[in-house]
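If you read the protein sequences in the order shown, they are chains L and H. Note that the working numbering has the first sequence beginning at 1, numbered continuously upward. Note that the working numbering has the second sequence beginning at 1, numbered continuously upward.
A few of these clues could be false.
Which residues of chain L face chain H? A partial, calculated answer using Cβ under 8 angstroms [to be verified]:
#1 ASP29
#2 LEU41
#3 ASP88
#4 GLU92
Keep in mind the hints are simulated off the structure, nothing from the lab. Just so it is clear, the structure is predicted and the values come from calculations on it, not from any experiment. Just so it is clear, CB atoms sit at the ideal spot from N, CA and C, and this is done for glycine as well.
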Amino acid sequence: MRYMIIVKATPESERGVMPGEALIAAMADYHEQLAKAGVLLDAAGLQSSAKGWRVRHDGAQRRIVDGPFTETKELIAGYTIIQTRSRDEALEWSRRFPNPTLDGSACEIEVRQMFELEDFGDSQAAARLRDMGVGGGR
Amino acid sequence: MAATDVGRAIDAVWRIESARVVAGVARLVRDVGLAEEFAHDALVSALEHWPRDGVPDNPGAWLMTAAKRRALDWLRQVALHARKHDELGADADARGDHVVSDIADAIADAEGDVIGDDLLRLIFTACHPVLSADARIALTLKLLGGLSTEEIARAFLVPEATVAQRIVRAKRTLGEAKVPFEVPAADALQDRLASVLEVVYAIYNEGYTATRGDDWMRPGLMHDALRLGRMLAELARDDSEVHGLVALMELQTSRAAARVDPEGRPVLLTDQDRSRWDRLLIRRGLAALERARVLAEAGRQALGPYALQAAIAACHARAATAAETDWPGIVALYDALAQAVPTPVVQLNRAVAVGMAFGPRQALEIVDALQRGGALRDYQWLPSVRADLLAKLGRLGEAQAELLRAADLARNARERDLLLERVHAMARRSGAGGGGVTDD
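With the rest of the complex left out, here is chain L (with noise of 0.2 angstroms):
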């Protein structure tokens, strides 16, 4: 089963603040864990959203609004794919990732279980979305 660990966005990271020495020796340390046991499939982070932009949908009509956004709370700073044989693993491996605030202070981390290629069906739109690779697979 495959699981997507999602780090929300903190007030610094949005700020751009790199990550102390601490806190990337915490991920680190976590990420080595999750290789050590074999379960760690893939890690990235994302750039604040002062670098991005969004496509707003309305009808027919699409807008791109430019970043900043202003839910901090709501937005992905980074994500973690792990390998595990139950949920129940999934999550106490979730439990020990570091808290990604720099001070220790209150932040979310979502845990999500990936689709595997089946669950898409065998429509032909499905099928163009695997043949670009979208839905990885078992």
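Once you have looked at the hints, place chain H on chain L.
Frame of chain L; chain H shown alone:
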């Protein structure tokens, strides 16, 4: 946390942590069976305390401390008895002396963190050549894979009692042979590591091409082996073949979803829907293969057999369609593999590649020679490959006969069905107008 939640959390923690706990205790008591007992005692203690006190922040450390405490208590008891033996005038028990000095080491070690080394020691012990292949697999899955006896039994389609016995006997054999709990010395390391890789790949293959029962694949087992391989790659970072094996497993697993069609029937690699190949695993596999290559070059060595097989799998992975496959490149890799592993099976696989690269006639010569050699008499893939080549040369009657022969030899219901289907398909084609299409 509800009681059942805590129970499941403890189970998850155990699966994640048990190998390290057993490894850490084994260094103290020098006996894997005993180490497992003390680790299990710690688990029982967790089951008593955590529902009441909550799951600790560092559950692994909690279990390790609890297990090591029990181990040290036991060591003190043994030393105490040994000393009493001394006082009664008996000869100093060599084991007693050994144990006394160990306690000092043990207490000192308890402060250090050499868990990586301990895990390596455990892996080498579980895969020790004094054990039978079955025993090594069972012990490795139990001690390092975090599987229960029941799960191992289910994975290999044997009764749970059989697996339990296998594990008990394995631990006894290790004790009787006085197998030391250590990483092998430099001169034995390569051979012993090869033995470890063999165990991991055997587990993988059981999942990838199930040899018993009706399932074509057992994905859970594939992932167990992959996990073990990745663990090993972290512990033995500088060994090329370890990364080669991981690369091979990542790349083979990348095709898992495509190997079975929507009706659940096996699909040959060249016929697979490549959009179902897992890009993430392909990326990981190629990265591991690159690491294997870099290490081999640094050591001025040729790529080993696992890395070569991974390189062949990489050729397939890189081809967007079957038609774009670099078959001559694959033949060259098989040439190298056949040198390292000169077995008939490798020769047969090489023949398939030769057929794709240079035409069926050349390939059939190789396969005919293998058939005359007789070594692959009971191997269903020989007649199966021969059938393919014969069909391409228009010799459909002979091809069908070979497919029937192959179906007889199939070890697996799904493989048999696939072969019989090809017979029917071929009969339909020859019924529709005789003669095949030569494909030189």
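Hint by hint, here is what the structure shows:
A distance limit of 8 angstroms between C-beta atoms decides the matter here; for ASP29 of chain L the minimum to chain H is near 12 angstroms, and the interface restraint is violated. A least Cβ separation of about 6 angstroms between LEU41 of chain L and chain H falls short of the 8 angstroms threshold, and the interface hint therefore holds. With a cut of 8 angstroms, the hint placing ASP88 of chain L at the interface with chain H holds, because the nearest CB-to-CB distance is about 4 angstroms. Proximity of GLU92 of chain L to chain H holds as hinted, the smallest CB-CB distance being about 4 angstroms (cut-off 8 angstroms).
Of the numbered hints stated above, the single one contradicted by the structure is hint 1.
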